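Novice: These are the residues of each chain, in order.
Protein chains: 2
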Amino acid sequence: MQNFDYQTPTRLIFGKDVISSLPDVMKPLGKKVLMTYGSGSIKKLGLYDKVKELLANYEIYELSDIQPNPKYDPSVLDGVRICKEKKIDVILSVGGGSVLDCSKAIAAGATYEGEPWDLISYKVKAKAALPIVDILTLAATGSEYDCGGVISRTETNDKIGYVDSLLFPVCSILDPVYTFTVSKKQTAAGCADAMNHIMEQYFTEDTTLLNDGFCEAGLKSLMVNAKKCLENPEDYTARAEMMQACTYGCNGIYALGNSASGWPCHGMEHALSAYYDITHGEGLAILTPRWMKHILSDRTLERFVKYGVNVFGIDSSFEPYEIAEKAIEETYHFFESIGIPMHLKDVGIDESRLSEMAHHIAVNEGLESAYVPLSEQDILDILKASL
Amino acid sequence: MQNFDYQTPTRLIFGKDVISSLPDVMKPLGKKVLMTYGSGSIKKLGLYDKVKELLANYEIYELSDIQPNPKYDPSVLDGVRICKEKKIDVILSVGGGSVLDCSKAIAAGATYEGEPWDLISYKVKAKAALPIVDILTLAATGSEYDCGGVISRTETNDKIGYVDSLLFPVCSILDPVYTFTVSKKQTAAGCADAMNHIMEQYFTEDTTLLNDGFCEAGLKSLMVNAKKCLENPEDYTARAEMMQACTYGCNGIYALGNSASGWPCHGMEHALSAYYDITHGEGLAILTPRWMKHILSDRTLERFVKYGVNVFGIDSSFEPYEIAEKAIEETYHFFESIGIPMHLKDVGIDESRLSEMAHHIAVNEGLESAYVPLSEQDILDILKASL
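Just so you know, the sequences run in chain order R and G.
Using my numbering, you'd call the opening residue of the first sequence number 106 and step up by one each time.
Using my numbering, you'd call the opening residue of the second sequence number 106 and step up by one each time.
It should be emphasised that the hints constitute simulated quantities derived from the structure, not laboratory data.
Everything numeric in this text was worked out from a predicted model, so none of it was measured.
Among the hints, erroneous ones may be present.
Same chains, same label: a pair holds when it works inside one copy or across any pair of copies.
[Said to hold, decoys possible] EDC-like cross-link-like pairs, simulated, lysine to aspartate or glutamate; straight-line CA separation at most 16 Å:
1. Lys230 with Glu407
2. Lys489 with Asp420
3. Lys189 with Glu220
4. Lys132 with Glu158
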């Protein structure tokens, strides 16, 4: 077991109608608010009006149109500019993980004199950040309970996971009802994203019995509940259980004391969505079974057997390699069963830039020190197998 | 699924030699320290000298001789007196859960003008508390990651769980090596305590798939690792995994969104150890299977079947009641197998005061609103069955 240093100070207020807590949560944080959101679905939900009503006596500025795979330019830059110009006290992120990720980069950039990219690219360590409160409308990324955000810079095909302990939200307001209107496509992609967060932490060394059990519970809960959400989008319990299982995805609690895994599928997927702007969860779902197949070996066999037996209920009396291969197939079939396109070609990626992406990943993602080290050739093989 | 409002801000620094972080942790908290500890085992461990060496430039006052089932008088009162007289900035708890529980009551009492019992008995809500840092030497209570403490008042046979969000430790320093010298008796009792924390949260309604899986993982980890610790007290991995599984016991994460269970075994055990000062974990282990037997019914059957199949691996094709009864037997036998005396008579409790204790429990513990409501007669029946 590895040493660890862990802290997640975020307050979670979870359940039906918990939006009513918003004024109490915001009270100590200041009167000048930057409200960040995406394409306007929060207006259809009535959430935009509700926030305005609850915070009637606040000075609210807005940054809208934050896209999935949130962009440094214009979103982060615009947000930082508003924060500086208006002397914003607190950021209120209303939306999914992309809005929140973008808000985190803005929160750090707002207190920094230089280019925000210095912080995101780890050239400079932030000294402070504005406080963030979020109201979540999509179960997926776990950004509501971690201190990281992923920011894309289109002109350089960079997609960087920016992590700093200053960036934990003060409070995340999680009402599963706000996820009722999430489309089937996004529900499935959210499930795949959250499952991959767990797999990235499960497939490594030095795991503990407790962590393995937590991970297996997370995976099983996501698979059962995502299916229920797809069948009945207004199944409160299923939406709530899915939201809960996603929440712990990236704050480390699934893997305290495990060896670092390097998060290889995320490393590879970041290039896919940086180059092609595809849906992150779909990219992960496509890559995961191919990566699994690529790394299956005597060294990793035990992990795959445990995964197959405990997550998919495969009979433990089968031969180990049979269990492992079946587990990889089941992974593929589960993603397929929730409607995810399972080939890169299905999401608009052909062979033309695979080598370029493999090179970009190899140079930028540090996957030579992943659980199973991946060279540029390994990465290219996985990408090709994913076509 | 129930609504919840959850926050655990404590920082966990976990692993070999993490004591070296102590100066950095203490730095922002002030120079006047009350160091609290128990019977002196920290001196044998070398921990007392290590702390003095690491905090050489601090003004350290001491409160020693804090007992298991820590006492309001003299420990809490003495600690509060020292804090007020010496204008203590921060409490450093070095020891097990009892020392830490006592330190929490002191931390609250130190900033309150009146009798500390007003706070502990919930007559008055604390407005502030001194910061607490702890170095843990026993895996059991989970106090290192929660905001509660149990305090006993001998003259009234009161043993109260005092909970206030002000009382989260700022930081818990968890080095499994410090638990190598824990006796077999205390290792087993710690395991039983931690297991019961989980069972109290598992046996209730409205549980989620994720929570059930977390609880089952916790129970299995504790059973496997406690046995290893008993066989080889210096098995680092086993001590570390046990410490990890205990840590989450009482901060709520095993049951976010579950219905309140009322923690019935703890309610009953508090009277046993208040009247007889027995080891808390042993009291819990004795009561648990008798309580289980008492509450097994058509209403609770599903829980016991799930527990039996997922925790003990009982064949799910058996009849449900057969699985449930077997699960209760396995619970009893597990505790017996780790050397816990499994009858009240074995720990010095005879029938003479059972009725008095049952009455005390019924009046003070609110178990009429537990998962399965317990009347005074129910409680007496469980105590009698535990003789």
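Novice: Work down the list of hints and note, for each, if the structure agrees.
Specialist: Structure-based check of all given hints:
1. With identical chains, the CA atoms of Lys230 and Glu407 are never at most 16 Å apart, being 39 Å at best within one copy and 52 Å at best between copies.
2. In this assembly of identical chains, the alpha carbons of Lys489 and Asp420 never lie at most 16 Å apart, being 32 Å within a copy and 44 Å across copies at closest.
3. Taking CA atoms no more than 16 Å apart as the test, Lys189 paired with Glu220 passes inside one copy only; the shortest distance there is 13 Å, against 49 Å between copies.
4. Taking the shortest Cα distances, Lys132 and Glu158 sit within 16 Å of each other inside one copy (15 Å), while across copies they are farther apart (43 Å).
Checked against the numbered hints listed earlier, the structure breaks hints 1, 2; every other hint is satisfied.
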